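Protein chains: 2
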Amino acid sequence: MRLSKRTDYGLRAIVQLAKLWPTQYVQSRDLSKQENLPNKFLESILLALRRGGFLESKVGSGGGYRLSRAPRDISVGDVIRRLEGRLSARDTETQKEPSPGEIAVRLVNTRLTEATDKVLDAMTLEELLEEVGKQSGSQQEMYYI
Amino acid sequence: MRLSKRTDYGLRAIVQLAKLWPTQYVQSRDLSKQENLPNKFLESILLALRRGGFLESKVGSGGGYRLSRAPRDISVGDVIRRLEGRLSARDTETQKEPSPGEIAVRLVNTRLTEATDKVLDAMTLEELLEEVGKQSGSQQEMYYI
DNA sequence: CAAAAGCCTACTAATCCGATAGGGAGAATA
DNA sequence: TATTCTCCCTATCGGATTAGTAGGCTTTTG
Numbered sequence: 007m008r009l010s011k012r013t014d015y016g017l018r019a020i021v022q023l024a025k026l027w028p029t030q031y032v033q034s035r036d037l038s039k040q041e042n043l044p045n046k047f048l049e050s051i052l053l054a055l056r057r058g059g060f061l062e063s064k065v066g067s068g069g070g071y072r073l074s075r076a077p078r079d080i081s082v083g084d085v086i087r088r089l090e091g092r093l094s095a096r097d098t099e100t101q102k103e104p105s106p107g108e109i110a111v112r113l114v115n116t117r118l119t120e121a122t123d124k125v126l127d128a129m130t131l132e133e134l135l136e137e138v139g140k141q142s143g144s145q146q147e148m149y150y151i
Numbered sequence: 007m008r009l010s011k012r013t014d015y016g017l018r019a020i021v022q023l024a025k026l027w028p029t030q031y032v033q034s035r036d037l038s039k040q041e042n043l044p045n046k047f048l049e050s051i052l053l054a055l056r057r058g059g060f061l062e063s064k065v066g067s068g069g070g071y072r073l074s075r076a077p078r079d080i081s082v083g084d085v086i087r088r089l090e091g092r093l094s095a096r097d098t099e100t101q102k103e104p105s106p107g108e109i110a111v112r113l114v115n116t117r118l119t120e121a122t123d124k125v126l127d128a129m130t131l132e133e134l135l136e137e138v139g140k141q142s143g144s145q146q147e148m149y150y151i
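Going down the list, the sequences are from chains A and B. Under the working numbering, think of the first position of the first sequence as 7, with each following residue one higher. Under the working numbering, think of the first position of the second sequence as 7, with each following residue one higher.
Among the hints, erroneous ones may be present.
Just so you know, same-sequence chains aren't split out, so a pair can sit in one copy or run between any two.
Here are the simulated lysine-lysine pairs, DSBU-like style, with alpha carbons at most 35 Å apart [what the hints assert, rightly or not]:
1) Lys102 <-> Lys46
2) Lys102 <-> Lys64
3) Lys140 <-> Lys102
4) Lys102 <-> Lys25
5) Lys124 <-> Lys102
Keep in mind that the hints were calculated from the coordinates and are not lab data. Predicted model, so just to flag it, every value in this text is computed and none were measured.
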């Protein structure tokens with residue numbers, strides 16, 4: 007189970023935006039510098055996040071992106087499902103009676119989806135930020151002591 | 007979260023073998039017919055499953071494959087991890103201090119892996135077979151009434 | 001020996017992913 | 001008005017990965 011780069015980058019960007027919330031707009035170029043991401047690729051991801059209702063944007067000088075609501079009101083699951091294109095895409099319509107193997111695979115897939123959804127839906131950006139704070143805090147102690 | 011075709015096919019084949027256990031050996035050709043899978047592709051998958059210790063094989067006339075132990079002693083998680091090549095491949099060694107975004111992504115990944123492992127490790131082939139039995143049973147009633 | 005089956009290697013085809021290029025269009029600022 | 005700044009949008013490309021094929025070797029059974 008691996009997240010695509012697209013999702014990876016999107017998460018990293020939205021985490022940065024959550025850190026800065028509710029400050030002024032942040033430009034995509036700055037975001038890509040902060041997390042060291044390919045500029046143009048990130049742009050398309052931010053656009054998807056905006057369309058998904060997670061971000062607000064402002065064009066022109068002084069414009070950029072910011073969260074559309076508080077980090078506690080944004081679910082990581084929602085964000086990831088928006089970014090991850092490959093979700094239960096084709097069901098091939100099952101015109102014929104499914105074989106035992108097909109039923110089994112479908113069952114496994116269902117359980118997996120349920121489990122991941124449950125985990126991801128339980129996480130908000132706020133909680134994610136807290137955890138990151140703890141982690142990077144203890145990290146830095148190791149360096150600064 | 008999508009399983010690869012390789013994993014899909016492998017599961018379907020091993021479910022068939024579990025249904026027939028502990029009968030005599032089943033040929034890969036018959037398996038590919040039963041589940042309608044590409045013959046040669048399936049062969050390589052069965053080989054991987056044998057190397058993983060899930061199957062026993064017998065060469066020559068009258069040979070084939072069968073489970074190496076009871077369905078209740080084979081975990082679906084083990085099977086899938088064996089078939090799915092792409093598991094936590096590169097960790098890129100993180101030479102530099104990770105950014106907040108990277109920490110967040112790592113955290114999400116950890117939680118996802120934990121959740122999926124938990125679900126898959128809790129399933130055995132036996133349990134899977136039971137569920138399939140229920141499903142296809144109720145399916146068939148709809149057709150035969 | 002001949003047939004049956006697994007075993008093994010190499011190759012090709014198709015798909016998807018990550019990334020880039022090149023420009024609009026509209027808002028702020030001078 | 002002109003200029004700059006930023007998001008917005010489309011198209012395309014290269015490479016990696018996945019899916020599938022071909023062909024033959026080896027071992028067992030009859």
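Checked hints:
no. : hint              : in the structure
1   : Lys102 <-> Lys46  : between (44 Å within a copy, 24 Å between copies)
2   : Lys102 <-> Lys64  : between (51 Å within a copy, 33 Å between copies)
3   : Lys140 <-> Lys102 : between (53 Å within a copy, 18 Å between copies)
4   : Lys102 <-> Lys25  : between (51 Å within a copy, 21 Å between copies)
5   : Lys124 <-> Lys102 : both (32 Å within a copy, 33 Å between copies)
Comparing the model with each earlier hint shows no violations; every hint is respected.
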